[in-house]
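Participant: Take a look at the letters that make up each chain.
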Amino acid sequence: MGNYIGIPILLLAAVIDATIMPELRLGNGTADLVFLLVMSWALLADVRDALLWAVVGGAAQDLLSVAPLGTSALGLVIVAYAADAIFGNVARGNLLVPLVVVVVGTAVYHMITLTLLQVLGLSAVGLGQGLVYVTLPATILNAILILPVYRLMGAVHRLVVPHRTRIG
Amino acid sequence: MVRGSRVFSLSMTLVIVALLVYLGAQGSLGPVQNALSVPVYGVQSVVSRMTRGVTGLLDDIRTFRRLERRNRDLEEALAVYQAELAVLREKGHDYDRLAALLDYNRQGPADREYVTCDVIGRDTTGFVNAIQIDCGRRAGVERMDPVVTEYGLVGRVTKVSATGAEVLLLTDPSSRVSVRLQDSRADGVVSGQLTGDLLMSFIPVDAQVREGEYVVTSGLGQNFPADLLVGQVMSVALDQRGMYQEARVRSLVNFNRLEIVQVIIDFEPVDLSVFGQPAAP
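Top line first, the protein sequences correspond to chains A and B.
Just so we're aligned: the first sequence equals residues 4 to 171 in this note's numbering.
Just so we're aligned: the second sequence equals residues 10 to 290 in this note's numbering.
Accuracy of the hints is not assured; some may be wrong.
[Claimed, not checked] Covered by chain B, according to a simulated footprint, are these stretches of chain A (three or more residues, beta-carbon under 8 Å):
(1) 11 to 18
(2) 29 to 40
(3) 76 to 85
(4) 96 to 105
(5) 111 to 122
(6) 126 to 137
(7) 142 to 148
Hints were generated in silico from the structure; no laboratory data involved.
Quantities reported herein were computed from a predicted structural model and do not represent experimental measurements.
All residues carry an ideal CB built from backbone N, CA and C; glycine is no exception.
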């Protein structure tokens with residue numbers, strides 16, 4: 004159930020990233036709702052669920068982008084796995100860990116995506132320019148949005164993932 | 010979960026994603042992407058219309074006084090341009106008469122076939138300046154079609170599905186357009202910058218470039234039709250090596266507020282391969 008509910012959530016998030024988020028830009032950077040949802044799920048759920056969300060979310064973003072299918076997914080998979088491997092499952096009320104993951108993860112994710120776009124010949128943006136004009140403002144916006152997004156995904160996780168209760 | 014199992018999950022996922030990227034770069038996933046993008050573009054159109062309504066209202070409230078001043082400035086400029094237009098129209102008539110006499114057939118802006126499209130989204134990677142429009146193959150749009158507004162060249166179609174298309178903007182750093190200065194007739198190449206500016210390079214050092222001079226497409230290389238407005242020269246200087254001049258060009262198009270664009274659907278690049286050169290990309 005946790006995986007299936009991710010599909011419409013991530014598709015809608017990709018559409019929001021392409022339509023509403025560009026209206027809230029800082030410099031050349033915008034908040035990345037798909038990235039925030041995937042990172043939140045990586046800290047709340049099982050690693051396999053997080054990897055699946057990363058693939059689906061990345062593919063949804065690439066449908067609305069010049070990048071070939073799978074380009075965004077690669078960065079999301081690597082960052083989601085690293086977040087889960089380092090921090091494991093984090094409590095829904097934790098505010099610090101999601102913030103740290105998003106701040107570091109945004110930079111790593113952008114560098115992976117930009118490198119892949121350069122290798123594929125789809126971007127002529129230099130690494131330094133990309134960091135200053137795109138990654139830095141995007142990191143600030145992601146850091147602002149992660150707290151409400153993480154709380155919301157915590158509530159979704161509580162609804163869709165069954166809990167074991169001890170009897171006796 | 011056992012560590013080995015986690016590593017296995019990661020490895021399998023990375024293999025699948027790498028395969029997706031490889032197949033996507035080869036173009037093999039085109040039919041799949043086309044099928045998936047039809048409903049996605051539909052949803053995007055709806056969300057985009059709602060967003061535009063809200064942002065338009067917020068913009069109006071925020072910029073009321075600035076709009077009043079701008080309106081006054083525009084009315085003054087309009088009066089000047091109307092006088093210029095009258096002179097240019099007369100020259101246009103003279104050109105048509107002379108071209109008819111010489112039997113010279115060149116397609117002008119009024120002869121082209123356009124499809125008007127709504128802008129429904131922007132590229133999500135952040136490193137590419139591109140927009141999505143709600144016209145695709147069903148409307149006659151094909152890859153490499155030029156895209157314009159009444160203020161000038163916007164970019165070129167890079168990806169197209171049945172109901173939508175992706176347009177690489179002129180301001181993208183990988184965008185290159187062969188251009189000409191309208192008065193001095195010097196040729197050069199305009200490329201986009203991540204900051205949103207345009208830079209015209211390879212202008213000969215002996216060309217007399219003046220600020221305010223219009224820049225239009227030259228048609229060289231057959232990437233774009235000739236005489237499409239690109240922008241105006243803001244400043245000019247020698248490049249780093251001193252071998253050419255470089256000019257900062259300001260487009261009249263507001264690339265952050267694109268709402269409606271037109272795709273030129275009847276532009277056919279000339280095949281130059283018969284002369285031993287590769288055909289235009």
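Participant: Hint by hint, which ones does the structure fall short of?
Facilitator: 4, 7
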